[in-house]
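A.B. asks: Each chain, written out:
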Amino acid sequence: MDRPLRLITANPVDQLARTIEALLVVASAPLSVDELARAVDDDSIRIETALGLLSDRYREGRSGIVLEHVAGGYAFRASREAAEACGRLFERPVERGLSQAALETLAIVGYLGPCSRPEIARLRGVAADSTVAGLLERGLIAEAGRDDGPGGAVRYRTTALFERVFGLEGLGALPRLDDLGESAAEIRERLHSVAVGRTA
Amino acid sequence: MTAVFDLPLDLDAFEGPFDLLLTLVLKEELEPAEVDVAAIVVAFVDGLAERDELDLEACGEFLVLIASLLELKARALFPEEAAELDELEPGEAAEELARRLAEYRRMKGAAAWLTERLAGQRERYFRVGPSPLAPRPERQLAPQDPERLAAALRILAEPPARVSLSHMGLRFPPVAQFLERFRSVLGRRRRFDFDAEVSGLSRVEQAVAFLALLELRKTGEVALEQSAPFAPIRVSRAENERGAEWIVRSA
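Just so you know, the protein sequences line up as chains A and B, in that order.
For the first sequence, the residue numbers in my numbering are 1 to 200.
For the second sequence, the residue numbers in my numbering are 1 to 251.
No wet-lab data here; the hints were simulated from the structure.
Watch out, some of these pointers could steer you wrong.
Computed beta-carbon distance windows for the label pairs [claimed, not checked]: (1) 71/B <-> 177/A: 48 to 56 Å; (2) 115/B <-> 172/A: 19 to 27 Å; (3) 99/A <-> 48/B: 24 to 32 Å; (4) 64/A <-> 115/B: 25 to 33 Å; (5) 177/A <-> 39/B: 27 to 35 Å; (6) 152/A <-> 42/B: 23 to 31 Å; (7) 28/B <-> 99/A: 29 to 37 Å; (8) 82/A <-> 91/B: 39 to 47 Å; (9) 152/A <-> 115/B: 26 to 34 Å.
All values reported here derive from a predicted model rather than from experimental measurement.
Glycine included, each C-beta is placed from N, C-alpha and C at the ideal position.
Construct all of the structure, not just a fragment, from the sequences and the given hints.
C.D. replies: Pasting the structure below:
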């Protein structure tokens, strides 16, 4: 049986954990260790210790609120067992109806960003204007400067919201590109075999 | 073959038989980029499905036509790409094509991974909304000694040193300048009106001119007349002075 929640204790780290808990309740975006350290005016090591305490306290199966490490920071979310009830009351507008084109564009921006619309169109073989506009509106991508030179195209990068929606700790959590899809050598091989078959 | 050309189409950009669409595209009256090629293929395949037997000749013809249309559309959509690829040798072009396909395959793979990932996140609900963070407080000054602060204020409270205006001192033109000027005037005319002569000059210049006038009077070169205090001063050559009376009652 789990220990009951002990919120009041003489342990100074526990007191720090309560303050961090309060900050995470107020925040609507993940807070990094640095941000938390600045807010509570304490050092990062103690913050991480306090976050460890909170992670244990707020985990699946123990609490309706779960502390997760996502998008480069820490944030509270509803537990999975409460998902059904949440689904009856709340919408998920950011990810609702994401098309295949939008997901491919997100993948390109996530892996190759910052990148411009022409670069996306070049990779996908179709114009990317409306897809990019849709992703911007959802807040999954954001502008990140322009290409060099006069009249350079606007570049885009994925946002912290993208990482949060997809449950990623950061862009580093995306799988290696080499593990996805065929390599150029494999495709060349297939093209060659098709050409041989046609001339035979 | 006729079946291909008569294929009825109902697209966003065009409605009518396939051959009319081709004619319009070739005459450049319809942008190839606006033609939904996939919808044409679907219409053709639907037409094939309705028939009992497979018309291989029609299929071949259709493949050639649709491939040409696709190439036109690709060139219209990516003119620079076409130019780039045109410059390549066939081997290089195949290599480039394979590279791009591999790149696209990887991105499709990444998109599939994201799709799967998203499906796994369906049960994660969290707050999404603007999170206005408080502005960071300005860095506070370290505690200060009040006496040092008072001393600094005392320095600031000191009246500033008087600024020297010596460089702005009045400049007097030389009296000789007006001596010459009045002599010259009297050389041309027998008399002149002092006020009229110096009007338009600054007060300092007028004063120096008056000094010059007195100097001329002292040397006996001119005679002066003034009918009343503050009345115009009339200046005449000295030879005219003899019979005349002049009075200077004011400076």
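A.B. asks: If a hint holds in the structure, say so; if it does not, say that too.
C.D. replies: Outcome of the hint check:
Here the CB-CB span from residue 71/B to residue 177/A is close to 30 Å, at odds with the stated 48 to 56 Å. As the Cβ distance of residue 115/B to residue 172/A is approximately 20 Å, the hint placing it in 19 to 27 Å holds. Distance hint check: the CB atoms of residue 99/A and residue 48/B are about 29 Å apart, consistent with the given range 24 to 32 Å. At roughly 29 Å, the beta-carbon separation of residue 64/A and residue 115/B lies within the given 25 to 33 Å, and the hint holds.
Between residue 177/A and residue 39/B the Cβ separation comes to about 33 Å, which falls inside the hinted range of 27 to 35 Å. For the pair residue 152/A and residue 42/B, the beta carbons lie near 40 Å from each other, so the given range of 23 to 31 Å is not met. Distance hint for residue 28/B and residue 99/A: a CB-CB separation of about 32 Å, consistent with the stated range 29 to 37 Å. Here the CB-CB span from residue 82/A to residue 91/B is close to 60 Å, at odds with the stated 39 to 47 Å.
Hint check: residue 152/A to residue 115/B, Cβ distance near 32 Å, so the stated range 26 to 34 Å holds.
Consistency note: the structure conflicts with the earlier hints numbered 1, 6, 8.
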